[in-house]
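Please model the complete structure; the sequences and the hints are all you need to start from.
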Amino acid sequence: MKKLTRTKGVFLALVLLFAAPGFLALVFYKHPAWLAALPTNKGEFIRPSMQLDLIDNPKEKWSMALWCPTGCDTTCVKTFDQLARTRLALGRRLYQVDLWMLQPQNSAVCSPFVKQAFDKQDVNLRRISREEQNTIALLKSKIKIFLVDPNNYMVLQYSSENKPEDIFHDLKRLLSSKEQS
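In this text, residue positions in the sequence shown follow our numbering: the first is -8, and each later residue adds one.
FYI, nobody ran anything at the bench for these hints, they're computed from the structure.
27 Å max Cα-Cα, derived BS3-like pairs, lysine-lysine:
#	residue 1	residue 2
1	Lys69	Lys133
2	Lys52	Lys33
3	Lys106	Lys69
4	Lys163	Lys52
5	Lys163	Lys111
6	Lys111	Lys69
7	Lys69	Lys131
8	Lys69	Lys154
9	Lys131	Lys52
10	Lys154	Lys106
11	Lys133	Lys154
12	Lys111	Lys52
13	Lys33	Lys133
14	Lys69	Lys33
15	Lys52	Lys106
Label-pair ranges, simulated between beta-carbon atoms:
#	residue 1	residue 2	range
16	Pro141	Ala80	16 to 22 Å
17	Ala11	Ile37	36 to 42 Å
18	Lys133	Leu7	49 to 55 Å
19	Glu51	Asn97	32 to 38 Å
20	Trp25	Ala99	50 to 56 Å
21	Leu85	Leu26	27 to 33 Å
22	Phe104	Lys52	24 to 30 Å
23	Phe14	Leu166	29 to 35 Å
If you're wondering where the values come from, they're calculated on a predicted model, not measured in any experiment. Note that CB positions come from ideal geometry on N, CA and C, so glycine has one too.
Here's what the structure looks like:
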C-alpha cells in the first residue's frame, strides 16, 4: 500500500512538472498584457518617431549619435569614450554600428588631439545649423545619446548620466532582434 502511494505521488509530481510550462503558456497567451507591462529597454523610447536626416547612414547599420550642444568639452569627450567602449564591447557586431558626433555649427571646434582620437575610433562628425536644430525638437541644451535605426529613425534616447551598460544591453538586444527577423 505504501509503495502504491509513493508511485502515485511521483507520477503526479512528474505530470505537474511537465504540464506546468504548457499551462503557463496558455495563461500568458490568454493575457498578453501581463507580459507587456514589463519594461524591456533602459533608454527612453522616442514617441512620435522622428527621422534624423542629418546623418549619412548606410543601410543595415545602426548608429549611436551623441548630441553635444556646447561643443567638445570634457564631459562630451568622456561620454564619447564610453560610447566607443560600448561599441567595442559588441564584439563581432561592432561593424553594424556607427558612431556619430552631432554639434551645433557655432560651437567650438575640437582640439587636434580630440579630432585625432575621433579619427582613430572611426567617428563621424556632423555640424548642425540652427535651422536644422529647430526642426528636431529633441536637440536641446543637454547632452543626449540617441540610438538611430538603419532607416535613420531615432529609436531610443539617453541622458549623459545613463550607464554605458544600459546602452550596451539595449543595442545588443536591437541587433540580435534584427538577426532573428
